[in-house]
Amino acid sequence: MGDESFRDNPTEGSSDKEPPEELKKSRGYYRNAMENHEVFKNLNQFERKLVRGIMRGSGPIIMLWLISKKGQHGYEIMTQLHESSPFSDKVKMPSASIIYPKLHQLEKKGLIKGTWENHGKRKVKYYEITPEGIETLDKIRNFFKTRKNNLYEDF
Numbered sequence: 021m022g023d024e025s026f027r028d029n030p031t032e033g034s035s036d037k038e039p040p041e042e043l044k045k046s047r048g049y050y051r052n053a054m055e056n057h058e059v060f061k062n063l064n065q066f067e068r069k070l071v072r073g074i075m076r077g078s079g080p081i082i083m084l085w086l087i088s089k090k091g092q093h094g095y096e097i098m099t100q101l102h103e104s105s106p107f108s109d110k111v112k113m114p115s116a117s118i119i120y121p122k123l124h125q126l127e128k129k130g131l132i133k134g135t136w137e138n139h140g141k142r143k144v145k146y147y148e149i150t151p152e153g154i155e156t157l158d159k160i161r162n163f164f165k166t167r168k169n170n171l172y173e174d175f
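In the working numbering, the protein residues as written are 21 to 175.
Bear in mind the hints are in silico, worked out from the structure with no lab data behind them. Being a predicted model, the structure only gives us computed values, none of them experimental. Each residue gets a CB set at the ideal place from its N, CA and C atoms; glycine is no exception. Where hints are given, some of them may not hold.
Said to hold, decoys possible - Computed list of lysine-lysine pairs in DSS-like fashion (alpha-carbon distance at most 27 angstroms, straight line): (1) Lys128 to Lys90; (2) Lys128 to Lys143; (3) Lys143 to Lys122; (4) Lys129 to Lys145; (5) Lys61 to Lys90; (6) Lys143 to Lys159; (7) Lys69 to Lys122; (8) Lys61 to Lys89.
To be verified - Okay, the calculated beta carbon distance ranges per label pair: (9) Gly140 to Phe164: 37 to 43 angstroms; (10) Thr99 to Asn138: 18 to 24 angstroms; (11) Asn62 to Ala116: 19 to 25 angstroms; (12) Arg161 to Ala116: 26 to 32 angstroms; (13) Lys165 to Gly130: 20 to 26 angstroms; (14) Gln65 to Lys90: 16 to 22 angstroms; (15) Gly77 to Gly130: 19 to 25 angstroms; (16) Lys69 to Glu96: 26 to 32 angstroms; (17) Glu152 to Ser78: 16 to 22 angstroms; (18) Gln65 to Ile160: 28 to 34 angstroms; (19) Gly130 to Asn62: 40 to 46 angstroms; (20) Arg161 to Gly91: 29 to 35 angstroms; (21) Lys129 to Tyr95: 30 to 36 angstroms; (22) His124 to His102: 33 to 39 angstroms.
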């Protein structure tokens with residue numbers, strides 16, 4: 021039962037009490053920490069789910085945009101996403117299991133190109149935007165800027 025109480029409400033109980041490490045890594049713990057953040061305080065459960073969907077769905081676009089500004093490796097992208105999050109003080113950095121599949125998807129679609137480089141004893145994949153990626157990003161920007169689609173602007 022002790023472990024379950026953390027899963028249901030990680031902030032309940034003593035503030036100096038930490039949940040077991042395996043629960044800290046679980047998705048539910050971090051989702052609860054995120055949802056207890058002041059940004060979500062006036063939203064009901066369904067509204068929170070909608071916001072999480074927007075955040076999740078915009079990830080590949082944001083990653084493409086970050087790479088367009090400066091070529092970088094995956095860890096840099098994870099760090100920038102984390103630092104720009106309103107939850108950076110509450111949740112851990114986005115995991116490699118979330119970021120790298122999205123990067124591979126962008127690479128498979130030809131929007132970015134990854135090149136392996138040596139950094140000391142380690143090899144890291146450095147991502148740069150392709151001409152197709154620039155074109156796609158421009159199309160997405162134009163989609164939201166056009167007057168035909170002013171629904172988003174009015175929102």
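Practice problem: Note whether the CB distance of Gly130 and Asn62 lies within 40 to 46 angstroms or breaks it. | Solution: Cβ of Gly130 to Cβ of Asn62: about 42 angstroms, so the range 40 to 46 angstroms holds.
Exercise. Given the hint of 33 to 39 angstroms, check if His124 and His102 actually sit that far apart at their C-beta atoms.
Key: 20 angstroms, violated
Quiz item: If you draw a straight line from the CA of Lys61 to the CA of Lys90, is it 27 angstroms or shorter?
Solution: 35 angstroms, violated
Quiz item: Per the hint of 37 to 43 angstroms, is the separation of the Cβ atoms of Gly140 and Phe164 within bounds?
Solution: This hint holds: roughly 41 angstroms between Cβ atoms.
Exercise. Please work out if Lys143 and Lys159 have their alpha carbons no farther apart than 27 angstroms.
Key: Violated, at about 33 angstroms.
Quiz item: Would you say the C-beta atoms of Gln65 and Lys90 sit inside 16 to 22 angstroms of each other?
Solution: 38 angstroms, violated
Quiz item: For the pair supplied as a hint, Lys61 and Lys89, is the alpha-carbon distance within the 27 angstroms limit?
Solution: Measuring from Cα to Cα gives roughly 33 angstroms; hence the hint is violated.
Quiz item: Does 29 to 35 angstroms hold as the CB distance between Arg161 and Gly91, or does it fail?
Solution: 20 angstroms, violated
Quiz item: When you take the CB atoms of Lys129 and Tyr95, is the distance between them in 30 to 36 angstroms?
Solution: Because 22 angstroms falls outside the window, the suggested range is violated.
Quiz item: Hey, Lys128 versus Lys143, does the alpha-carbon distance stay inside 27 angstroms?
Solution: 20 angstroms, holds
Quiz item: Are the Cα positions of Lys129 and Lys145 separated by 27 angstroms at most?
Solution: Holds, at about 17 angstroms.
Quiz item: So the hint says 16 to 22 angstroms: do the beta-carbon atoms of Glu152 and Ser78 match that?
Solution: 20 angstroms, holds
In summary, the numbered hints that this structure violates are 5, 6, 8, 11, 14, 20, 21 and 22.
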